[in-house]
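Those protein sequence lines, which keep their order, are chains A and B.
Residues in the first sequence are numbered consecutively from 6, following the numbering used here.
Residues in the second sequence are numbered consecutively from 6, following the numbering used here.
Worth flagging that the hints you see were computed from the coordinates, not collected in a lab.
Hints are all accurate, no fakes.
Across the chosen pairs, the derived CB separations fall in these ranges:
(1) A:Tyr328 with B:Arg275: 36 to 44 Å
(2) B:Gly416 with A:His76: 47 to 55 Å
(3) A:Gly127 with B:Val393: 56 to 64 Å
Examples of chain B residues lying across from chain A (beta carbon under 8 Å, computed):
(4) Gly121
(5) Lys143
(6) Ile151
Where a beta carbon is used, it is the ideal one built from N, C-alpha and C, also for glycine.
There are 2 protein chains.
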Amino acid sequence: MDTPDTASTHPPATSLALRRVGIDTYRENVAYLHRDCAIYRAEGFQALSKVEIHANGRHILATLNVVDDPHIVDCNELGLSEDAFARLNVSDGHPATVQQAEPPASISALGRKIAGERLNAGEFRVIVDDIAQGHYSKIELTAFVIATHRDELDREEVLFLTEAMVASGRRLDWHEPQVVDKHCIGGIPGNRTSMLVVPIVAAHGLLCPKTSSRAITSPAGTADTMEVLAQVELGVEQLQDIVRQHRACLAWGGAAELSPADDVLISVERPLNIDSPGQMVASILSKKIAAGSTHLVLDIPIGPTAKVRTMAQAQRLRRLFEYVAKHMRLSLDVVITDGRQPIGNGIGPVLEARDVMRVLENDPRAPIDLRQKALRLAGRLIECDPDVRGGDGFAIARDILDSGRAMARMGAIIAAQGSRGFDHNQPALGPLSFDVAATGTGFITGIDNLQIARIARLAGAPKVRNAGVDLFCKLGRPVAQADLLYRVHACYPADLAFARAACARSTGYTVGDAAQVPHVFVEF
Amino acid sequence: MDTPDTASTHPPATSLALRRVGIDTYRENVAYLHRDCAIYRAEGFQALSKVEIHANGRHILATLNVVDDPHIVDCNELGLSEDAFARLNVSDGHPATVQQAEPPASISALGRKIAGERLNAGEFRVIVDDIAQGHYSKIELTAFVIATHRDELDREEVLFLTEAMVASGRRLDWHEPQVVDKHCIGGIPGNRTSMLVVPIVAAHGLLCPKTSSRAITSPAGTADTMEVLAQVELGVEQLQDIVRQHRACLAWGGAAELSPADDVLISVERPLNIDSPGQMVASILSKKIAAGSTHLVLDIPIGPTAKVRTMAQAQRLRRLFEYVAKHMRLSLDVVITDGRQPIGNGIGPVLEARDVMRVLENDPRAPIDLRQKALRLAGRLIECDPDVRGGDGFAIARDILDSGRAMARMGAIIAAQGSRGFDHNQPALGPLSFDVAATGTGFITGIDNLQIARIARLAGAPKVRNAGVDLFCKLGRPVAQADLLYRVHACYPADLAFARAACARSTGYTVGDAAQVPHVFVEF
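Just chain A, with the same shape it has in the complex (with noise of 0.2 Å):
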C-alpha cells in the first residue's frame, strides 16, 4: 500500500535513542513511547496504535503502550520489548526513528477474506508473508484465523494457502529421491509413536529427518518427550550432519523457519482452541513439505473425544489432505486409527519418554497398543521402499524392534543430538501424586481424551517435565470398586490441587458394561 510513495514524501523524522525495555511480550512487538515525547504529540500517536520503527537498515511494525514513567522510558527514548529489540540487532541507545505505521500490504485481501470472498494465489501469499513478517496485529491475526475457519476456505484456497506458508520460510533439500515423515493430527493424549518410528525406519535405511513441534494445547509434544533424553534445539547444520550420518534426528522444528507464518498463527489458535479443517492440512503440510519430506504417513485417530469423531469427517479431511498432497507433489499415505483412547501409559513428557524407551527395549512393561500402532505406521512408512512388497512392512518393522537395532538407533541419535543421561527404569516422576481409583465396579467403557489431557496439563505437564497422569487401566479392561484408574505426578502443590480439582469434577473414566465400550471401524 504505497509505502515507498508515503515514505518519500515524508519529511525526515527526529531520531530517538533506542531503549530495550526488560518486558517479554512472547510473539507481539511492543513500543514504549513518553507521553511527553515531543514525537508522539507531534504525530497523533494513540495507545495501541501501530508504529513503524526504523533502525539499522531494518523496520519493524509494533504495537504503541505509552509510558508515564521515565525510569521506563524517557522523552528522548524509544523502547521496545525484548523480541522487538532483538529483531533490530542493535544496541541500547542506537538512533530509531518512529511513524505511523501503513496498514501491512494484505489488508485489503485480509478485508476481502472477512467479507467472505475467494482468494487467489497472489492474495495468499502477501498475506502469509505480512504474517510470517510480524505485520499483523493480534487483532488481524485472529481475524484471519476465524475468517478462514469451518468451511470459509475451498479446497483450492487451502492449496494456496498452504504454497504460502512453504514459502515463506525456509525449504530444506536432502538431494535424496527419498525423504519420509510421519504426522499424527493430535488430540490423542501418548501416542508417542514418532520416537519409535523414526529409529525404525532409520534402521531399515529410509532417511527420516523428523522435526516437531512442543505442545500447543497438549500435555507433551514429541519435542518435549525427546528432550527428556537428548537436546531437541539443533541449528540446521548440526541436523543436516545427525541426518546424514544416522539417517534420522528427532529435532525441534522451531529453529528450523520452516513454514514460520504457521507459529505465528499457532499464537492465536491456541487460546482460541481452534483447530478447523483447513488450517490443520496447511499447518501440516507446509511443515513437512519445508522439512523436505517426498512421503508421508498421515494418522488420524477418531474416537467420541478425538479431533475428529465419525468415519465420514475423518473421509472428508482425507480427502482434503490428499488434494492438496496432491498438487504439492507429497505422496501421501493416510491411516485412520483408533482414538478412543489415549495410546501408551504415561501422558507427560518423562512418563512418555519411558514408554517409549520400555518399547524400544522390548521390556514386557511397555504399552502394547503404543508398541502395535508404532509397529504398523513403521510398516507403512517402509512399504515406500520399492524394494518392499505390500505388506511386508509390519514384520520388518517387528523384526528391526525386537532385534534391538531400533534401540541401537536410537541411542545413536540421542548420542548425536546430546544425550541428557534420562534413566528410564528409573526415571523421576513428579513427588507428588494422588491416585484416582474406580468409583464402581465392571468395565471400563470410555475414557475421556480431553479430561484426562487437561488434568495432566494441570498437574504440569508439559512445562513440568516429570508431571502428568499415568495409566494403570484401558478401555474394556473388568475393574472393582477401589481399583487404582490412574496416578497423577505433581512437582508443586498448587498444580496437584488444580489437578485434584479437575478429577474431583471429572475423572474422564467411565465404568458400565462390557457391551457399551464404543468400537471403531479402523484398520489398526
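Starting from the structure of chain A, add chain B where the hints point.
Then chain B, alone, in the frame of chain A:
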C-alpha cells in the same frame, strides 16, 4: 465455569505487593511479573497467558507480560498497567494474589458462535457481560466480532445482542413519556446535523438529551466538534441537571456507562474497519435505549462512497433496525438520505463547528445543504409531538432557526456545559495549508467521502482540532482548470506531508460532464 469450585480447592496463594507500572495499554489490562518471581515459576505461567488478580475484595483479569528488569517490577511485586491498577482502587504496595485465570464464563458460548451456531438470549447475555467487564482478551474480542459479522447473526440474535448490551450497563430514565433523539449511521464527512437538530427540537420543547461518541474512523464525531464550543465530558448528575433546565444537552456519552460492551467492541472493530449490519444495529440501538430515548429519527445516507451504496441495501438495513426497535419498544423513524458527498463545507472539529455556528446565526456563508438537512431531520422529530400535524415539522423547525431561537438555545447549552470561548467568525484553522485545484474543466461529478475523510485524518483531525479539509465546491458545480476545490489545514509538517501524499494519489474529486453527476432518489 467452576470458578468457585477451583478457588475453594486452590491453596491460598502467596501474596505479592501491587505496583502501578506507568504504562498505558488502553483497554487491555496487563500484569507484569518478574521472571524470577517464585509464583511465576511455580504456577507455570507463560507470557501472554491470562491471569486473575485478587486485591481489595475485587478481581480483574489481565494479560501477563514477563519482566526481566527489577526496576519495572522486582520478584516480590505484581505490576499492573495504569487502567488495570485503577480498576482495583488500591495504593502502591497493597497485597494481591495472582493465579491462572479460568476461561471467561461465556467461552463455550463463544466457541459455539465461532462454530456457526445460533445463540439464545442467555448466551448473548453472558458473552456481553464478560465483554463489558473486561474478561475478554483482544483475541477473544476479535473472534466474537468476526464470528458475528456479515450474515452470521439472524435478526432475533441481533435483538438478543442489543438487549444484552443494554443490560450490561447503566440505563437512564428521564421520567417523561417522550425522549427524542436523532442518529446517523455515519460515513459522511461533515454532516454535523445533530448540533442543529438538538437546539431546534429543544427550543420546540422536546426533551433531547443527546450523548455522542468521539470519532472512531472519521475525522470528527459530534462529541469532538461540540468540544470545540463547550465541555462535553459531563458526569451523569451534571448532564441530568442541564437537560432538566434546557431540555437538551450535547455531551460525550463515554462517561455515562451506557452499553459499555459497545465501547470495548469498538476497540477491535475500529482497527479492522468492520461495520456489519447486525453489529451496527445493536451498537446504535443499545446506546439510544440505554440513554432513555423513546423516539428516534435514524439517518441512513446512501451514495457511491457511503456506508450503504444501494437502496436495496438501505431497505434491508432499515427493516433490521425496525425489527429490533419494535421489540425494544423504541419508536423509530428511518430516513434514507443523500450520501453522495460530504454535508457542509468543513471536515474536522473546528471547521465543522464553524459551519454549525454559521447555520445557527443565519450567516450567508452557512452551507445550505447542512441547513436543509438539519431542518428536515428536526422537522421529522418535531412531528413526534402529538400536537404537530404531519408535514408541519419542517416549517416549525425553519421558524425556530430563522428566528434565532435555535441559536439562543445552543448558547444556553454551551454556557451550561461550560463554554470554551470559540470564535466562529475567526476560527483559528491549522496554520499549515495547501490548496487542491481542478486539473480540468467541466462539472464536479464525484466527491469520494472515504478519500476526503482519509485526507482530513492524515492532516490531523480529529486529534488536532483545527486540522482538516475545507471544501469550496460540491457536486454538480461547474469548474475550470485551476479552480480551487478544497484547502487542507494542518498544524504539523509531518501531518501536512501525509495529507499531501494522499492528495497526490487521489484528490477524491472527479470532474466530467454534467450528465455524469450521480443521482440518488431519496426523500432528502
